[in-house]
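J.: For the record, the sequence lines run as chains A and B.
Under the numbering used here, the letters of the first sequence match residues 1 to 293, in that order.
Under the numbering used here, the letters of the second sequence match residues 1 to 418, in that order.
You may find that some hints are simply not true.
Stated by the list, open to error - Derived pair list, reagent style DSSO-like, types lysine-lysine, alpha-carbon separation capped at 27 Å: (1) B:K233 / A:K286; (2) B:K229 / A:K263; (3) B:K38 / A:K284; (4) B:K10 / A:K105; (5) A:K285 / B:K229; (6) A:K258 / B:K81; (7) A:K285 / B:K38; (8) A:K71 / B:K81; (9) B:K233 / A:K285; (10) B:K38 / A:K286; (11) A:K112 / B:K81; (12) B:K229 / A:K284.
Just so you know, these hints were derived from the structure itself, not from any lab.
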Amino acid sequence: MSWVKPVGLAAAALFGSALLGTFVLAQQPPHAPASEVNADGHNEPIPPRQSWSFAGPFGKYDQAQLQRGFKIYREVCSNCHSMALVAFRNLADAGGPGFSEAQVKALAAEYKVQDGPNESGEMFERPGRPSDHIPWNFPNDNAARAANGGALPPDMSVLAKARSFSRGFPWFIIDGFIQYQEQGPDFITGVLNGYKDPPPDVQLQPGQHYNEYVPGHRLAMPKPLNDGQVDYTDGTPTTVPQYSKDISAFLMWAAEPKLEERKRTGLRVIVFLILFAGLLYYTKKKVWAEVVH
Amino acid sequence: MTGHSTYVPKSALARWFESRLPLMGFVHASFIAYPTPKNLNYWWTFGGIATFMLTAQIVTGVVLAMHYTPEVTMAFDSVEKIMRDVNFGWLLRYAHSNGASMFFVAVYVHIFRSLYYGSYKAPREVLWILGVIIFLLMMATAFMGYVLPWGQMSFWGAKVITSLFSAIPFIGDSITLWLWGGYSVDNPTLNRFYSLHYLLPFMIVGVVVLHVWALHVTGQNNPTGVEVKSVPKDTVPFTPYATIKDAFGMVCFFILFAWFVFYVPNILGDADNYIRANPLVTPAHIVPEWYFLPYYAILRAIPSKLGGVIAMFSSIAIFAFLPWLDTSRVRSARYRPVYKVFFWVFVACGIGLGYLGSQPPEGGFVIAARILTTYYFLHLLVLIPLLGLFERPRPLPASIADSVLGSEVPMARRAAAE
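Please put together the full structure from these sequences, using the hints given.
T.: This is the structure:
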């Protein structure tokens, strides 16, 4: 049956080229990121890759950066956005902004938190405690929508993990090897820096703003940051790109407070496993030495 | 293959126990003295790795279940509480979510090993079918598990897949309503998925026990596909030989597992699942986890809803018939030069379908998915039956011992021995 092998190889070549064709057909512009605003366009560019102190296997948060980021959150973002999963006490946790217990207690006390019912059945307000979660500026979603032209500002607790973009083939494989997990902060930084005037062919509805990186290029949030808006006490430049980076780093901490512990433990685990694998390999060789295999 | 136990209890206590429940003799026969072909390569370690991953998922899952709340307004927050407040909760969660992916990696390698070396062929048909059942149970378990965090992808993935049942004629809509526990995916759905997600892994354990039992009746296949002819010449006792080899393979696998858990824990997941489920907002792209992508591509390649559902289910169900579809009298692809080429084409087809499942079903992607789906079914239903009839295999070694000696002994000495 000498025809079988050539036919087989031809079939393999055919399907090999079908596969190659798939990848050629797949060369579309970079994929639009995920978001609560429905995406309708696929032509948004990929946000530029930033350098982060917490990236890579030895990554750590920059405490000063996290504190600056928290300042931005407090003064700007928290006017609309909640961060319901973060408690005041987390600000004193290891691997975070590194506030002291006393600072956290004082900070919490500056907030008014609703509590109750008391013994007469009434709800009341009291100063915040470290165990409280960061309260929202609005009592409920509808109040937030009413104050923001019908749009709901998303909660920021895991926002840095809820936003991403696809770099396409072969990057989604390479990213696993180079440990590129910072698509969220890169996207947020890009969006905050990406407000610009719309091109002439784009029509914006009232309440929409043009942005370089957001799906569909339109979002309801107006440009939140301007140069000099937030004072920095450590001499860091008070520019929008700097603010964008600092708030993105803070949001990454809010989403992944255990990042430092995770990477530190990972190093120890992997070093141990490599040594263990080496020992097992030589033991295996010794055990099998007399067997012809 | 079992029944080779030479176990003799050493102490009076051991003799007392052994005469009442011969557990130690059983373990000795099955995992210590058990004859294992001496020529197994590292592709044979993945069955043991899969068993370990099942155990790991159950252990991490049971602990996670102590902190998780299966209610639509509380599920997402309970998972975040695990990540932030539970001691090592982040580790449990990431180990469980990445562990599911690693479990599928191990099982896919295990399955493709069987396809290459013909481990599904007689007398291992029941062993193979039990494996297909395990795979189906795994898919159901993983699907329900992904719904539990109640993110956008959890909700919408559940909606898409459960809605498929409405394609069944006449009774489809009733079945879907019954599955949902209401008129849409909502709290009853989440609650029952939690219950079943806890139950199914223990059913998997039961079928794995049957799977290992069926294996021990026939003994392992081996890379030559030639059955064991002489136990002392062809095999070695499982312990210490296979035990140490499996341990080494397992630890290498753990290095890969640790890489995901500690360094890139979210790379296999979808960012949309960190957004709380919202029935009023549909994500731009609804995509399942990577291990379901090939079947998702097949589902969407067929233009009709019922046709797609039938194609998707039969793409796995066909595998149950593989021992009878394959007409070849030679087991191992080592000695089947044409089948070997098609095997790798099939692997590439699977990977291609996986890629297509992750992309939107538009334009060129649809055409490519239809080509690859056609090849997938052609391979199983036409190529494999015909190849067995028309292929000329390479000559088989006389026995495992001969094949192993042949690789060790140079030509001159082999000629002298003959």
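J.: All the hints need checking, so say for each whether the structure fits it.
T.: Hint by hint, here is what the structure shows:
| no. | hint | result |
| --- | --- | --- |
| 1 | B:K233 / A:K286 | holds (20 Å) |
| 2 | B:K229 / A:K263 | violated (51 Å) |
| 3 | B:K38 / A:K284 | holds (13 Å) |
| 4 | B:K10 / A:K105 | violated (66 Å) |
| 5 | A:K285 / B:K229 | holds (26 Å) |
| 6 | A:K258 / B:K81 | holds (12 Å) |
| 7 | A:K285 / B:K38 | holds (14 Å) |
| 8 | A:K71 / B:K81 | holds (25 Å) |
| 9 | B:K233 / A:K285 | holds (20 Å) |
| 10 | B:K38 / A:K286 | holds (15 Å) |
| 11 | A:K112 / B:K81 | holds (23 Å) |
| 12 | B:K229 / A:K284 | holds (25 Å) |
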